[in-house]
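Asks: All chains should be modelled from the sequences, with the hints used to inform the complete structure.
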Amino acid sequence: GNSVTQMEGPVTLSEEAFLTINCTYTATGYPSLFWYVQYPGEGLQLLLKATKADDKGSNKGFEATYRKETTSFHLEKGSVQVSDSAVYFCALSERGNKLTFGTGTQLKVEL
Amino acid sequence: GAVVSQHPSRVICKSGTSVKIECRSLDFQATTMFWYRQFPKQSLMLMATSNEGSKATYEQGVEKDKFLINHASLTLSTLTVTSAHPEDSSFYICSAPRDTNTGELFFGEGSRLTVL
Numbered sequence: 091g092n093s094v095t096q097m098e099g100p101v102t103l104s105e106e107a108f109l110t111i112n113c114t115y116t117a118t119g120y121p122s123l124f125w126y127v128q129y130p131g132e133g134l135q136l137l138l139k140a141t142k143a144d145d146k147g148s149n150k151g152f153e154a155t156y157r158k159e160t161t162s163f164h165l166e167k168g169s170v171q172v173s174d175s176a177v178y179f180c181a182l183s184e185r186g187n188k189l190t191f192g193t194g195t196q197l198k199v200e201l
Numbered sequence: 014g015a016v017v018s019q020h021p022s023r024v025i026c027k028s029g030t031s032v033k034i035e036c037r038s039l040d041f042q043a044t045t046m047f048w049y050r051q052f053p054k055q056s057l058m059l060m061a062t063s064n065e066g067s068k069a070t071y072e073q074g075v076e077k078d079k080f081l082i083n084h085a086s087l088t089l090s091t092l093t094v095t096s097a098h099p100e101d102s103s104f105y106i107c108s109a110p111r112d113t114n115t116g117e118l119f120f121g122e123g124s125r126l127t128v129l
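Protein chains in written order, with the numbering used here: chain A, 91 to 201; chain B, 14 to 129.
Think of the hints as simulated: they come from the structure by calculation, not from any bench. For every residue, glycine included, the Cβ atom is placed at its ideal position computed from N, Cα and C. One should not assume that every hint holds.
[Stated by the list, open to error] Only pairs whose alpha carbons sit at most 27 Å apart, straight line, appear in this in silico BS3-like list of lysine-lysine:
#1 K142/A x K167/A
#2 K68/B x K33/B
#3 K33/B x K188/A
#4 K79/B x K188/A
#5 K188/A x K68/B
[Claimed, not checked] Taking CB as the label site, the calculated pair distances span:
#6 F52/B x S104/A: 26 to 32 Å
#7 E132/A x S86/B: 22 to 28 Å
#8 P99/B x T110/A: 37 to 43 Å
#9 P100/A x A85/B: 37 to 43 Å
#10 L129/B x E105/A: 38 to 44 Å
#11 T116/A x K79/B: 38 to 44 Å
#12 A143/A x P21/B: 41 to 47 Å
#13 L103/A x P21/B: 45 to 51 Å
#14 M58/B x S173/A: 25 to 31 Å
#15 N112/A x N83/B: 37 to 43 Å
#16 Q42/B x Y120/A: 34 to 40 Å
#17 T110/A x F52/B: 24 to 30 Å
#18 S173/A x L39/B: 22 to 28 Å
Replies: In structure tokens form, the structure reads like this:
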């Protein structure tokens, strides 16, 4: 079956630091890949997505590239802000809209 | 603004009672909605797929009689936790696809259930 593995948190960074949250996946076909973000007290929101190999999703300074050869979709941001503090979920969708989520990574950004 | 809305956002109930959680798509019709349960260590577990006009499809290990799902209309799905027990306390989240081609889901704000 499908699965998503992402690095355990929490990840604590200082403001303006570089962020990487690793995500790898297992799928039988060619999934679409997503990063969702959950800010404190809010529901999940789509952060970015990529639907085929070598696609790069980007939004709000975050980027992730769909790497088929390494089955990865690592999330990166060059300079994090305190407002980026949230839980980040990597997910894949192979058929229809059924998402398989990773366990989530909590990010804490401090001044 | 929100495109999927859940109600209530928080509910506290006594053990043995039933609780209903509503999920509405606000500006689009959804023939399919998904119900997730979020555990304390953050993992999201898909519980079931709610299908308008037919029975819900439950994931393995999810009790159908415990978690009743009804997709009453193209904009409303309900999850009823029957005879709730403290171990049912959790954060329940619904989602609906607005774009069936991309797999993108829109999520409700979640409902925190506490069973005393």
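Asks: It remains to establish, for every hint, whether it holds in the given structure.
Replies: Structure-based check of all given hints:
{"no.": "1", "hint": "K142/A x K167/A", "in the structure": "holds (21 Å)"}
{"no.": "2", "hint": "K68/B x K33/B", "in the structure": "holds (17 Å)"}
{"no.": "3", "hint": "K33/B x K188/A", "in the structure": "holds (23 Å)"}
{"no.": "4", "hint": "K79/B x K188/A", "in the structure": "holds (22 Å)"}
{"no.": "5", "hint": "K188/A x K68/B", "in the structure": "holds (17 Å)"}
{"no.": "6", "hint": "F52/B x S104/A: 26 to 32 Å", "in the structure": "holds (30 Å)"}
{"no.": "7", "hint": "E132/A x S86/B: 22 to 28 Å", "in the structure": "holds (26 Å)"}
{"no.": "8", "hint": "P99/B x T110/A: 37 to 43 Å", "in the structure": "holds (39 Å)"}
{"no.": "9", "hint": "P100/A x A85/B: 37 to 43 Å", "in the structure": "holds (40 Å)"}
{"no.": "10", "hint": "L129/B x E105/A: 38 to 44 Å", "in the structure": "holds (41 Å)"}
{"no.": "11", "hint": "T116/A x K79/B: 38 to 44 Å", "in the structure": "violated (30 Å)"}
{"no.": "12", "hint": "A143/A x P21/B: 41 to 47 Å", "in the structure": "holds (42 Å)"}
{"no.": "13", "hint": "L103/A x P21/B: 45 to 51 Å", "in the structure": "violated (35 Å)"}
{"no.": "14", "hint": "M58/B x S173/A: 25 to 31 Å", "in the structure": "holds (29 Å)"}
{"no.": "15", "hint": "N112/A x N83/B: 37 to 43 Å", "in the structure": "holds (40 Å)"}
{"no.": "16", "hint": "Q42/B x Y120/A: 34 to 40 Å", "in the structure": "violated (28 Å)"}
{"no.": "17", "hint": "T110/A x F52/B: 24 to 30 Å", "in the structure": "holds (25 Å)"}
{"no.": "18", "hint": "S173/A x L39/B: 22 to 28 Å", "in the structure": "holds (26 Å)"}
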